[in-house]
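2 protein chains.
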Amino acid sequence: MSAAGIPDVTASPLAGALAQIAQEIDATFDMLLPLPGDARQCLVEAMRYAAMGGGKRLRPLLLTSVAEMYGVSRDSAVRAGTAIEAIHVYSLIHDDLPCMDNDALRHGKPTLHIAFDEATAVLAGDSLHAFAFEVLADPATSADPFTRIELVQTLGQASGWQGMAGGQMMDLVAENSEFDLQTVTRLQQLKTGALLGAAVDMGAILAKVPYEARTHLRGYARDIGLAFQIVDDLIDYEGDAALAGKAVGKDAAAGKETFVSLLGPERARDQARMLIEQAIQHLAQHGPEADVLRAVARYIVERNH
Amino acid sequence: MSAAGIPDVTASPLAGALAQIAQEIDATFDMLLPLPGDARQCLVEAMRYAAMGGGKRLRPLLLTSVAEMYGVSRDSAVRAGTAIEAIHVYSLIHDDLPCMDNDALRHGKPTLHIAFDEATAVLAGDSLHAFAFEVLADPATSADPFTRIELVQTLGQASGWQGMAGGQMMDLVAENSEFDLQTVTRLQQLKTGALLGAAVDMGAILAKVPYEARTHLRGYARDIGLAFQIVDDLIDYEGDAALAGKAVGKDAAAGKETFVSLLGPERARDQARMLIEQAIQHLAQHGPEADVLRAVARYIVERNH
Chain A
-16 MSAAGIPDVT ASPLAGALAQ IAQEIDATFD MLLPLPGDAR QCLVEAMRYA
34 AMGGGKRLRP LLLTSVAEMY GVSRDSAVRA GTAIEAIHVY SLIHDDLPCM
84 DNDALRHGKP TLHIAFDEAT AVLAGDSLHA FAFEVLADPA TSADPFTRIE
134 LVQTLGQASG WQGMAGGQMM DLVAENSEFD LQTVTRLQQL KTGALLGAAV
184 DMGAILAKVP YEARTHLRGY ARDIGLAFQI VDDLIDYEGD AALAGKAVGK
234 DAAAGKETFV SLLGPERARD QARMLIEQAI QHLAQHGPEA DVLRAVARYI
284 VERNH
Chain B
-16 MSAAGIPDVT ASPLAGALAQ IAQEIDATFD MLLPLPGDAR QCLVEAMRYA
34 AMGGGKRLRP LLLTSVAEMY GVSRDSAVRA GTAIEAIHVY SLIHDDLPCM
84 DNDALRHGKP TLHIAFDEAT AVLAGDSLHA FAFEVLADPA TSADPFTRIE
134 LVQTLGQASG WQGMAGGQMM DLVAENSEFD LQTVTRLQQL KTGALLGAAV
184 DMGAILAKVP YEARTHLRGY ARDIGLAFQI VDDLIDYEGD AALAGKAVGK
234 DAAAGKETFV SLLGPERARD QARMLIEQAI QHLAQHGPEA DVLRAVARYI
284 VERNH
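Taken in order, these protein sequences are the chains called A and B.
Per our numbering, the first sequence starts with residue -16, numbered consecutively.
Per our numbering, the second sequence starts with residue -16, numbered consecutively.
Only chain A is shown next, with the shape it has when bound in the complex:
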């Protein structure tokens, strides 16, 4: 999958972690979403089409990496990772709908409403949304009900109007507004940052790390979240649709202000690099057990899709 001049993820220290989490998330969706063999069949087929076999699995990777730092069982962490990935996937399905971004390509394959139809896409998104909370509420995710309910609360807040969905609304408004850098930053902190922050928080919640003792992790998540979005804007600005697996150049076409339109590509890239250095500094109290988180931070700024 690598080409001249393009950083090859498979050669990075992150390669093993990325391959492992991708396999585990697919296996968990496969286990928890069996085909029902009745008229709901195509709903579950649609959920599986969207949820399995694609995506970087960045949120599960963050969640399981933090959980592993604190000795949480792999099975618990992967289940919670599958829940947050289900939220991410549902948001992509709804975001791709004709009435939203009207995208035909996602992870290099037709979007769900193209492969199936719009009504099925709405329902499959809704079903993955409920599925996420079902998985978190299940005792198999954690034996401790305090932990499970804190996971639900964290994911609910991060994904609703105070988080991701609120950011998506701002993104819709952005097409007809002249947002300044502060507003674009706020938009992205909600649209992308809230769920990345929840991923890191949920890993620490599984380990029963108290809220006050995970301030540095939230700082790390905030910085990589913003850097992630700046790089996304750069990919949209200068990217390769085949490599990105989705349409590019959409922001400029829609007349949206982005980090790139407001800062220019050079300053935007500098800003992303600065944020990544800052994110890594937040992990100073940790030794080699945080190496995967450090590698994730570097990967975010070096990726080209």
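These are calculated hints, taken from the structure and not from any lab test.
Misleading hints may appear alongside valid ones.
Same chains, same label: a pair holds when it works inside one copy or across any pair of copies.
With a straight-line Cα cutoff of 25 angstroms, these simulated SDA-like cross-link-like pairs (lysine to any residue) come out [to be verified]:
no. : residue 1 : residue 2
1   : Lys233    : Glu101
2   : Lys39     : Leu15
3   : Lys191    : Val284
4   : Lys239    : Phe99
On a predicted model such as this, the values are computed, not experimentally measured, just so you know.
Starting from the known structure of chain A, fit chain B onto it as the hints suggest.
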């Protein structure tokens, strides 16, 4: 609001309970959904438009009535009732979308995608969906995390692909299929019954009634759920759009099999009445404390909207 020959709800013993729950659910949505004063403003306005000031609040009424039978605090029960109503409202918003039922009227006012736009309707539905789980996860709903997580699990299962969303998928498939009575029954048990059953279950969960000790309540919920749908089919078949507050005659137009098309209106009405008697028999072990549940059962079969 009453007219000659039409049963007047305000004259029934249920009148006080219906008026009270309507006021309490509106007040709770009002409290928990403050306008944010930024670019997310219209998202929260859309959530409030859809969630407040309309609907029979049947699910919160069932939940709070069961909770009250077992002495649960009113505040806890109303919060849980607001959560299940948020799920019901989100499902109506998405069901009304052009790619689904394409309805322009709901509770006598324009549907959300007409009053706002389609993208806002998708996001407001998604936001009410997450909101439901946020409300349940909040310690204000119950001090006991076991109770809160059981509420989340029950509502998640009832609303996802194994419940309501699965039933909605079957309903879409129904337009191009010749469903028999057994399949229509299964469809309706999922589409409407699952959430009505969850309402009754959640009231009992708040009261820490063990699963085995609420079999009769689930029987009650199953019977009123089916009766409710038969009456809905009768309203669609013979109803008055102005009274129903939504379009009628849609099932026949869509070529869908319903209880009325399969049984005929007479047998369908007999079946609904039989189910209601059966539902009331499930409450035989209860004294006057279950009178509201008995009245709800009778109201379901007597209503004309």
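Here is how each hint holds up against the structure:
For a Cα distance limit of 25 angstroms, the shortest separation of Lys233 from Glu101 qualifies both inside one copy, at 21 angstroms, and across copies, at 20 angstroms. Only within a single protomer do Lys39 and Leu15 lie at most 25 angstroms apart by alpha-carbon distance; the minimum there is 20 angstroms, versus 35 angstroms between protomers. Taking the shortest alpha-carbon separations for Lys191 and Val284, neither the intra-copy value of 30 angstroms nor the inter-copy value of 50 angstroms comes in at or below 25 angstroms. Taking the shortest alpha-carbon separations for Lys239 and Phe99, only the inter-copy value of 21 angstroms comes in at or below 25 angstroms, while the best intra-copy value is 30 angstroms.
When held up to the earlier numbered hints, the structure conflicts with hint 3 and nothing else.
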